[in-house]
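J.: Just so you know, we're using the UniProt record's numbering here: the sequence shown kicks off at 1 and counts up by one.
FYI, nobody ran anything at the bench for these hints, they're computed from the structure.
One thing to keep in mind: the hints can contain errors.
[Stated by the list, open to error] List of simulated lysine-lysine pairs, DSS-like, C-alpha gap at most 30 Å:
1) K134 / K188
2) K165 / K210
3) K262 / K227
4) K210 / K172
5) K188 / K165
6) K165 / K142
7) K262 / K188
8) K165 / K224
9) K262 / K210
10) K231 / K172
11) K172 / K80
[As the list claims (entries may be wrong)] Per label pair, the in silico range of CB-to-CB distance:
12) H94 / T174: 16 to 26 Å
13) K227 / L26: 44 to 54 Å
14) G246 / I191: 32 to 42 Å
15) S237 / G121: 29 to 39 Å
16) K230 / G326: 48 to 58 Å
17) G326 / V247: 22 to 32 Å
18) Y162 / G326: 32 to 42 Å
19) L26 / A232: 23 to 33 Å
20) A213 / N239: 32 to 42 Å
In this text the structure is predicted, and so the values were computed from the model without any measurement.
All C-beta atoms in this analysis are idealised placements derived from N, C-alpha and C, irrespective of residue type, glycine included.
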Amino acid sequence: MSYGKWISRLMRRHCLSIEGWLTAFLCIFVYLLVFHRTSMKNFFQKTKIRFQIWWKGCYTSNCDKELTNEKVKASWELRKGNVGVYAIQGRRNHMEDRFNVVLDLEHTGTSIYGIFDGHGGEFAADFTEKTLFKTIMVRLLKAALAGSTEDLSALLTEEFLYVDKQLLAIEKATNEVSGTTALIAMVKDNILTVANVGDSRGVLCDCNGKAVALSIDHKPQLLKERKRIKKAGGFISFNGVWRVVGVLATSRAMGDYPLKEKNFVIAEPDVLTFDLNEVKPDFMILATDGLWDAFSNEEAVMYVKERLDEPHFGAKSLVFQAYYRGSLDNISVMIVNFKAQKIVTVRNGMSA
């Protein structure tokens, strides 16, 4: 047998057999795992997320029938400059979410974005959204007129506490018991400052396409929160979710007068600052927990990345995908597209 025929037979027997292909695949896999571990890890992580997005949304056609429900059809939207917002009442009996946007405040170069998730009624969310934006804008404009600069972290902390004090006074006088989360993001001189009370959440997509958390969810089971509540004489209990004294599922909030008397719940925000020149973000997501009950940070970022060319920069698609996945809450999503140009405002139903 000639050498050429022997090589040909060997190739057919081994290289074209199933065992041969499996061996080759295994060798390549081991090589990539050893020498390209980071790339392989990223590949598997993205594949897992894509599969989860597909799997959780594969029953969309059946869920469409639920959209005939008037509660679900109740929606609010905003398209303003580089911001897209979409919100639905969802499966709740009342819409308690609020949002607001101010772009380039009186040509000072400062933009303000806010998301609020009310509970126990609409009053606290409505009052906080309107009053907090107003007091922040007044402080910023006074500083601009005086030619001075404000420490934005200190400003936000002071205004959160000031507005909460006003809200509590009204609640005490009227026997109102509602409360709300408050998530405010401000951009000035390419510095992003984010203040948060409650479990609404902000997430940034950086220049590498990775999710960067902009806020901390204030959950009662967190060690820091649990210690503070215990020190104040309170407790947390579990009934499906962890709750402060068996009542509230978030350990910080605006309002909630009955829980504020002994500081079981507080309104002091956590404030984080980011240099956008370093992060070079593509977009930012601010949303109530109606979204985050159905999406992880990474899933949401990947989902929006593929839909930035939509009218609401993917906000509407993200809202309905969260609904299809079974979110039981109001769902409000705000997308700030840092790559977009100014566009005409289109809105419906909510303040902005």
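J.: Determine for every hint whether it applies to the structure shown.
T.: Each hint, compared with the structure:
1. Pair hint K134 plus K188 holds up; C-alpha atoms about 17 Å apart against a cutoff of 30 Å.
2. Between K165 and K210, the direct Cα distance comes to roughly 38 Å. Violation of the 30 Å bound is thereby established for this hinted pair.
3. Restraint check for K262 and K227: the C-alpha separation of about 14 Å stays at or below 30 Å, so the hint holds.
4. Proposed proximity of K210 and K172 is contradicted: the alpha carbons are some 44 Å apart, above 30 Å.
5. For a cut-off of 30 Å, the pair hint linking K188 to K165 stands: about 27 Å separates their Cα positions.
6. Between K165 and K142 the CA atoms are separated by roughly 22 Å; this keeps the pair inside 30 Å, and the hint holds.
7. Annotation: proposed proximity of K262 to K188 is violated, straight-line Cα distance about 36 Å (limit 30 Å).
8. As the CA atoms of K165 and K224 are separated by approximately 23 Å, the hinted pair is consistent with the 30 Å bound.
9. Distance check on the hinted pair: K262 and K210 sit about 40 Å apart at the alpha-carbon level, beyond 30 Å; violated.
10. A hinted pair counts as satisfied when its Cα atoms are at most 30 Å apart, and K231 with K172 qualifies at roughly 24 Å.
11. Between K172 and K80 the alpha-carbon distance is near 37 Å, which puts this suggested pair outside the 30 Å criterion.
12. H94 and T174 have their C-beta atoms about 18 Å apart, which keeps the hinted 16 to 26 Å range intact.
13. Separated by about 51 Å at the C-beta atoms, K227 and L26 satisfy the suggested range of 44 to 54 Å.
14. Range check, G246 to I191: Cβ separation about 40 Å, and the 32 to 42 Å hint holds.
15. In this structure the hint that S237 and G121 lie 29 to 39 Å apart at CB is violated, the actual value being about 23 Å.
16. Checking the proposed 48 to 58 Å range against K230 and G326 shows it is violated: the Cβ atoms sit about 34 Å from each other.
17. Between G326 and V247, the C-beta spacing of about 24 Å keeps the proposed range 22 to 32 Å intact.
18. A C-beta distance of roughly 38 Å is found between Y162 and G326, which places it inside the suggested range of 32 to 42 Å.
19. Range check, L26 to A232: Cβ separation about 59 Å, and the 23 to 33 Å hint is violated.
20. A beta carbon spacing of about 27 Å between A213 and N239 contradicts the range 32 to 42 Å that was offered as a hint.
In summary, the structure is inconsistent with hints 2, 4, 7, 9, 11, 15, 16, 19, 20 from the numbered list given earlier, while agreeing with the others.
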